[in-house]
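Novice: Numbering-wise, the working numbering comes out as the position in the sequence shown, counting from 1, plus 74.
Simulated from the structure, these hints should not be mistaken for laboratory data. Note that the structure is a prediction, hence the values are computed from the model and not measured. Among the hints, erroneous ones may be present.
In silico DSS-like cross-links for lysine-lysine, where the CA-CA straight-line distance does not exceed 25 Å [to be verified]: (1) Lys148 / Lys162; (2) Lys123 / Lys79; (3) Lys123 / Lys148; (4) Lys79 / Lys148.
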Amino acid sequence: MDDWKSALLRELEMAEMARARGNEGQARVCARRAAGIALREYFRQRGIKVRSSSAYDLLQVFSRLADTPPHQQKRAAHLIVRVTEEFKLPVHVDLIEEARLLCQDLLPEAFSL
Numbered sequence: 075m076d077d078w079k080s081a082l083l084r085e086l087e088m089a090e091m092a093r094a095r096g097n098e099g100q101a102r103v104c105a106r107r108a109a110g111i112a113l114r115e116y117f118r119q120r121g122i123k124v125r126s127s128s129a130y131d132l133l134q135v136f137s138r139l140a141d142t143p144p145h146q147q148k149r150a151a152h153l154i155v156r157v158t159e160e161f162k163l164p165v166h167v168d169l170i171e172e173a174r175l176l177c178q179d180l181l182p183e184a185f186s187l
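Taking the hints into account, I'd like the entire structure generated from these sequences.
Specialist: This is the structure we're talking about:
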């Protein structure tokens with residue numbers, strides 16, 4: 075398996091494990107990192123050069139691309155939304171699922187057996 079595939083799947087698994095332990099903050103971080111891994115590979119496959127390797131920055135770049143479909147823009151936006159002062163998300167979404175769906179949309183080969 076390609077390194078990016080195993081890293082992506084590992085991050086999603088770590089997100090689920092963090093959630094199971096009640097650590098939603100760590101689950102959000104892992105979900106965002108998984109999306110960042112997928113976006114790095116997505117950009118690489120398309121020959122798109124990006125300056126930053128930060129998952130947050132990659133999500134911002136992706137959400138601003140003219141050809142990014144609205145549902146993918148929305149998922150990317152959810153993954154970079156800031157938490158409140160109480161460390162809660164201001165939107166009611168499952169960020170692990172949002173990351174998984176975004177990754178599946180961008181790189182379906184990562185999820186094929």
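Novice: Decide, hint by hint, whether the structure agrees.
Specialist: A quick look at each hint next to the structure:
no. : hint            : result
1   : Lys148 / Lys162 : holds, 18 Å
2   : Lys123 / Lys79  : holds, 20 Å
3   : Lys123 / Lys148 : holds, 22 Å
4   : Lys79 / Lys148  : holds, 23 Å
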